[in-house]
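Peer 1: Protein sequences, first through last, are from chains A and B. Residue 1 is where the first sequence starts when you use our numbering, and the numbers rise one by one after that. Residue 1 is where the second sequence starts when you use our numbering, and the numbers rise one by one after that.
These are computed hints drawn from the structure, not numbers from a lab. Keep in mind it's a predicted model, so treat the numbers as computed, not measured. There may be inaccurate statements among the hints.
Identical chains blur together in the list; that is why a pair holds if it fits in one copy or across any two.
Under the rule of at most 27 Å between Cα atoms (straight-line distance), these lysine-lysine pairs were calculated in the DSS-like manner [what the hints assert, rightly or not]:
#1 176 x 320
#2 221 x 338
#3 16 x 270
#4 197 x 338
#5 255 x 82
#6 82 x 270
Single-letter residue listing:
2 protein chains.
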Amino acid sequence: MAGDGKRGLQLRSLIKKSGELEISLLDVPTPEPSADEVVVRVEATPINPSDIGLLFGAADMSTAKASGSKDAPVVTAQVPEKAMRAMAGRLDESMPVGNEGAGVVIKTGSSDAAKALMGKTVAMIGGAMYSQFRTIRAGDCLVLPEDATPADGASCFVNPLTSLGMVETMRREGHKALVHTAAASNLGQMLNKICLKDGIALVNIVRSGEQAEILRKIGAKHVVDSTAPTFIEDLTAALIETGATIAFDAIGGGKLAGQILAGMEVAANKTATAYSRYGSNVHKQVYIYGMLDPGPTEINRTFGFAWSIGGWLLFPFLMKIGATDAARLRARVIAELKTTFASHYTQVLSLQEALQLPHIAGYGRRATGEKYLINPNKT
Amino acid sequence: MAGDGKRGLQLRSLIKKSGELEISLLDVPTPEPSADEVVVRVEATPINPSDIGLLFGAADMSTAKASGSKDAPVVTAQVPEKAMRAMAGRLDESMPVGNEGAGVVIKTGSSDAAKALMGKTVAMIGGAMYSQFRTIRAGDCLVLPEDATPADGASCFVNPLTSLGMVETMRREGHKALVHTAAASNLGQMLNKICLKDGIALVNIVRSGEQAEILRKIGAKHVVDSTAPTFIEDLTAALIETGATIAFDAIGGGKLAGQILAGMEVAANKTATAYSRYGSNVHKQVYIYGMLDPGPTEINRTFGFAWSIGGWLLFPFLMKIGATDAARLRARVIAELKTTFASHYTQVLSLQEALQLPHIAGYGRRATGEKYLINPNKT
Numbered sequence: 001m002a003g004d005g006k007r008g009l010q011l012r013s014l015i016k017k018s019g020e021l022e023i024s025l026l027d028v029p030t031p032e033p034s035a036d037e038v039v040v041r042v043e044a045t046p047i048n049p050s051d052i053g054l055l056f057g058a059a060d061m062s063t064a065k066a067s068g069s070k071d072a073p074v075v076t077a078q079v080p081e082k083a084m085r086a087m088a089g090r091l092d093e094s095m096p097v098g099n100e101g102a103g104v105v106i107k108t109g110s111s112d113a114a115k116a117l118m119g120k121t122v123a124m125i126g127g128a129m130y131s132q133f134r135t136i137r138a139g140d141c142l143v144l145p146e147d148a149t150p151a152d153g154a155s156c157f158v159n160p161l162t163s164l165g166m167v168e169t170m171r172r173e174g175h176k177a178l179v180h181t182a183a184a185s186n187l188g189q190m191l192n193k194i195c196l197k198d199g200i201a202l203v204n205i206v207r208s209g210e211q212a213e214i215l216r217k218i219g220a221k222h223v224v225d226s227t228a229p230t231f232i233e234d235l236t237a238a239l240i241e242t243g244a245t246i247a248f249d250a251i252g253g254g255k256l257a258g259q260i261l262a263g264m265e266v267a268a269n270k271t272a273t274a275y276s277r278y279g280s281n282v283h284k285q286v287y288i289y290g291m292l293d294p295g296p297t298e299i300n301r302t303f304g305f306a307w308s309i310g311g312w313l314l315f316p317f318l319m320k321i322g323a324t325d326a327a328r329l330r331a332r333v334i335a336e337l338k339t340t341f342a343s344h345y346t347q348v349l350s351l352q353e354a355l356q357l358p359h360i361a362g363y364g365r366r367a368t369g370e371k372y373l374i375n376p377n378k379t
Numbered sequence: 001m002a003g004d005g006k007r008g009l010q011l012r013s014l015i016k017k018s019g020e021l022e023i024s025l026l027d028v029p030t031p032e033p034s035a036d037e038v039v040v041r042v043e044a045t046p047i048n049p050s051d052i053g054l055l056f057g058a059a060d061m062s063t064a065k066a067s068g069s070k071d072a073p074v075v076t077a078q079v080p081e082k083a084m085r086a087m088a089g090r091l092d093e094s095m096p097v098g099n100e101g102a103g104v105v106i107k108t109g110s111s112d113a114a115k116a117l118m119g120k121t122v123a124m125i126g127g128a129m130y131s132q133f134r135t136i137r138a139g140d141c142l143v144l145p146e147d148a149t150p151a152d153g154a155s156c157f158v159n160p161l162t163s164l165g166m167v168e169t170m171r172r173e174g175h176k177a178l179v180h181t182a183a184a185s186n187l188g189q190m191l192n193k194i195c196l197k198d199g200i201a202l203v204n205i206v207r208s209g210e211q212a213e214i215l216r217k218i219g220a221k222h223v224v225d226s227t228a229p230t231f232i233e234d235l236t237a238a239l240i241e242t243g244a245t246i247a248f249d250a251i252g253g254g255k256l257a258g259q260i261l262a263g264m265e266v267a268a269n270k271t272a273t274a275y276s277r278y279g280s281n282v283h284k285q286v287y288i289y290g291m292l293d294p295g296p297t298e299i300n301r302t303f304g305f306a307w308s309i310g311g312w313l314l315f316p317f318l319m320k321i322g323a324t325d326a327a328r329l330r331a332r333v334i335a336e337l338k339t340t341f342a343s344h345y346t347q348v349l350s351l352q353e354a355l356q357l358p359h360i361a362g363y364g365r366r367a368t369g370e371k372y373l374i375n376p377n378k379t
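Please build the complete structure, drawing on both the sequences and the hints.
Peer 2: This is the structure:
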């Protein structure tokens, strides 16, 4: 580990044509900053579900094996043959990982904008954050408030902007209340705080009594447990009460998306005046934004024709709303960094620890409410 | 049967709280036309899949029994208990059937617009067409060309406007080519004629070699058979060649909608320059507009996040585009009634014949390429 930032370790994920995943740490030179760039010593970078997608690819992590040394660990695992087609675009390409992170600016380019960041604690988005040093455009850095640590700001893009993006999408598409699944997640807790603050009704769907409790403790009003025998009735009652007609689903696979649409249809028909064999005219929307269950989505179409299920991603959404509105959302994140958008971490790992099999099993579970942070400069 | 039109037979579908479907013919008085209305002697009304949905409801037609007399036949069948919930809106309500039809105006209200229709052959939409006489607003009648028979105009709303609506949706949502399933249907043949005429590439998905042949004979260029062992390869090749990123699916159930999205994604990635674990940025759309397979839709999400599957219905679409554009579509139907929008019928039935079990088995199959017409005044 080079303290001067000229070289540093970087986590890489490689899927070989042979079908083997290899995760390792490379010692790479830090690119010299151009005039508009800065070098950041990364001190906190979260393991988001979206990072895990790139990190493991389609590999079956139950086949994972550890090799290498303590300082230079290597993890290998097998990608099932039928999953290799989806990996075609990344074969034999050693890929850096880590969507977002935060750290301290230790070197800058010659421009005033870059120089102004010297010594500041900044948050960043742009990939390759599982690195000790990251050269990045000054304009892509968000300066954190004076009293904020890198850990405070490590997760200030993906989850805060995703949860704000859900509320923004709800408003733009003419809905008045929201449904969220895997709702006790870090993201789900943020969404509850936003909705409580903004007076928006939110139906939280969780998968255990413990998760329900987590949300009730932070003030969530509508929490339904999909493992309860009364789930469909509970969900329908909450949909009737809130009038929610848009849902964001982190799970993807299974029957849940269809069950939500069916419940929304029952709620819509409570106010219908005439029978229509085509179902209600009320448009019902589910956006799938995650892959907690990568299995097939099974939709029992018992809810007419006024419905849609589709993918939703933060970056295309931000592109769509444009720079001004995206900046408005970012400003709110900074203003509420230690309240609405505070993240809590289960564990802080070094880069080497992130490649230990017990830790991989831990964050690989993507368990709701558990969130891991990497500090690439942890010693 | 009253030749003066004061009374007439009307087909009714009733689902009782007990779970029994009853289809029968009622002798009902013809409502007197108000100033703006006319009375039409219905001579041709098609049995569309959408009519069958109302006619049979969720009944299991393998349990159908005939009773009553030759002139007043009655058909009963059982609705499976688990399907009764979806029927809640129509229980114990005797419902007239028949979305569209055509006939001759035999009586009019006092307004000039109504009087101008006396003796004309008109096409109509608005339900209750499986009736000998239909009182309807003059403004809801479309006057057919002099040389057109009621049979020529009987199907001039649903299928012609639906196929035109698909092309219109494709253009409005920024796609350049189309995919259609159950593509050898009457509707599918119309869609081929429109696309050939307008120079739009159309990928036809059929379920047999015979259906492929029907389409090739009318000039279809891209026909793929979902029962062929090479289906996925054939579909993908056609999607690459055409660049189609929107599909209209009449089937609904099963894996087809997901397979289409997966093929579109492979096609989109042919031109991608960098790997994205979120899939391509190309938005891929499937609209489900039918229920040929009422079973669950199973979607293997192997195509990133830029996708949507949703319901599509003609009437909400026409509402959305507004009166001017809807009128433009209707004008094209009339202009091309005997060419692009000509329908061919397998059989013409009287109302009594429509209630005979062998005929019910015939049109109940909803077999691609077979289309039945009812002439309520056939003697």
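Peer 1: For each hint given before, does the structure comply? Return the numbers of the non-compliant ones in rising order.
Peer 2: Nothing - there is no hint that the structure violates, so all of them hold.
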